[in-house]
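Participant: Given the sequences, and given the hints that come with them, work out the whole structure.
For the record, the sequence lines run as chains E and A.
All residue numbers for the first sequence refer to the numbering used here, where the first residue is 465 and numbers rise by one.
All residue numbers for the second sequence refer to the numbering used here, where the first residue is 12 and numbers rise by one.
Quick caveat, the hints were computed from the structure, so don't treat them as lab data.
As the structure is a computational prediction, the values presented were derived from the model and not from experiment.
The C-beta atom is built at its ideal place from N, Cα and C for all residues, glycine as well.
Each statement offered as a hint is correct.
Simulated crosslink set (DSSO-like; lysine-lysine; CA at most 30 Å straight-line):
1. 556/E - 216/A
2. 561/E - 27/A
3. 88/A - 104/A
4. 547/E - 216/A
5. 556/E - 20/A
6. 513/E - 495/E
7. 556/E - 27/A
8. 20/A - 561/E
9. 513/E - 216/A
10. 561/E - 216/A
11. 547/E - 495/E
Quick look at which bits of chain A chain E covers, simulated, 3 or more residues with Cβ under 8 Å:
12. 23-31
13. 220-226
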Amino acid sequence: MINFQKITKIYYSDGRSITALKDVSFEIQPKEFVSIVGRSGAGKTTLFKMLMAEENPTDGSVIFEGEDVHQIGRSNLPHIRRKIGAIFQDYKLFPSKTAYENIAYIMEVMGVSDGEIAGTVPQVLELVGLKERADNFPEELSGGERQRVAIARALVHRPDVILADEPTGNLDPFHTQEIIKLLVKINEMGTTVVLATHNKEIVNGLGKRVITLEKGEVIRDEAKGKFIL
Amino acid sequence: MTLLIRIIKSGWMDFKRNSGLSVAAIFIMVLAISMATSLFLFRESSQVLTKNIEEKLDMYVYFNDELSSDEILAIQKELSGVSGIKDVVYISKDEALQKFVLKHRDDQSIMESLRELGKNPLLSSINIQAWEASQYAAISNFLINSDFSSLISKIDYQQKKPAIERLASISSGINNAGIIANIILALAAILVAFNTVRLAIYNSKEEIETMRLVGASNNFIRGPFLVQGVIVGFLSAVIALLIFGVGLLFLNSGLKLLLSGFNLFGYFISNLPVIFLTQLAFGIGLGVISSHLAIRKYLRA
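Facilitator: Have a look at this one:
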């Protein structure tokens, strides 16, 4: 489903070069739950940016559902991105839209009918436990609630894969467990989940596949892995 | 169609919810539209003012005493076809005397001298009015080099030349200085309006980034910003129209004195549709173009 083929990414700044990813190769199958772990700066976010085609690799290619995401052309990028649900550490919600509108946005983008949006969004809000907060703006929600809205937005259009980049980075332990349970539930419903984190407890509690990155290189890839650094 | 309705709805909601930014954008846009409207009105009133000044100017061509009225009328006919000449009026010796007497009837010494002279000392003449003050020199040259120059006793252009030239330079000076000042102010207002829109969009750059990442097409991202540009432009045009309407209504009597009786409010009302459409086109155009240019850099990649 997702295939990173010998990905290298080098950033150039002030005449210096910084290697963020070096010869990274791995494959993710449909319905898998994969944790990508590593210290801050290990290359987890860069990997996600490569898949979202936010950045181009210096070398190598990223194949998503049979297509090289960096070769499909700018006009086709939105179609690829609609197959991916992205969750960010800083939520990236639209501040001038309510929780409901934030979630409905992606369906509007895809041209889904108003009736279907009105039927689906409340269901997803209920799934993330925010039915009563539908009309609240992000600034009126707690960190955990904001992240749940972000998760709802990421899954409402039934994407093929959910990328969660440090989704619990700003949350307390209680809300962290809540969010992880939600991601596991989504995975059990058949969606591929790729979770980037440096939270040891979460990874060890999952008992699923773990890919460990260090200084931009894959140093470990285990089917039932642990957080070892 | 569904997407278009959603884009319009989204633009309207963003306009309402970001009310602080919307009000600031409207304020600046009203300023820009007002500058453009002032330019339009200034051009018209300065043209009227210049015309008024120029209408007060004229030139007399006096003919030798022996010339018959038929000969002078023939010259008058020829002159009326000359380019730059607006009006040619023949004044016979008798008419000239009548006017002279009417003007000086209370001056005993002049009237006494006239009686003692025993005959009409005045010459037949032609009064010439040009379309523009700057054309008198060319008309004077034409007369001097014409076939009938030997029949001319005197042209009073040389006497009036300094006054005519000064008035011509004042009227064109007023026109040019006003237009240049207004264009500079309008350009400044356009730049400020553009930068206000740019700042508003810069404020949304993270949102735009997120829209791209969740899979929104460039048109779906750009659309609501353009709709906001249209709303800001439309409201600004309406506000500017009201400000000018009310302002001119109250200032009209003072402006009439300043503009030699020209009714600027009347002119504004009689040209209301053109002025409003121009303001609307300017406001909406500025809003949409500013939004389009400002958002372009965030939609690359």
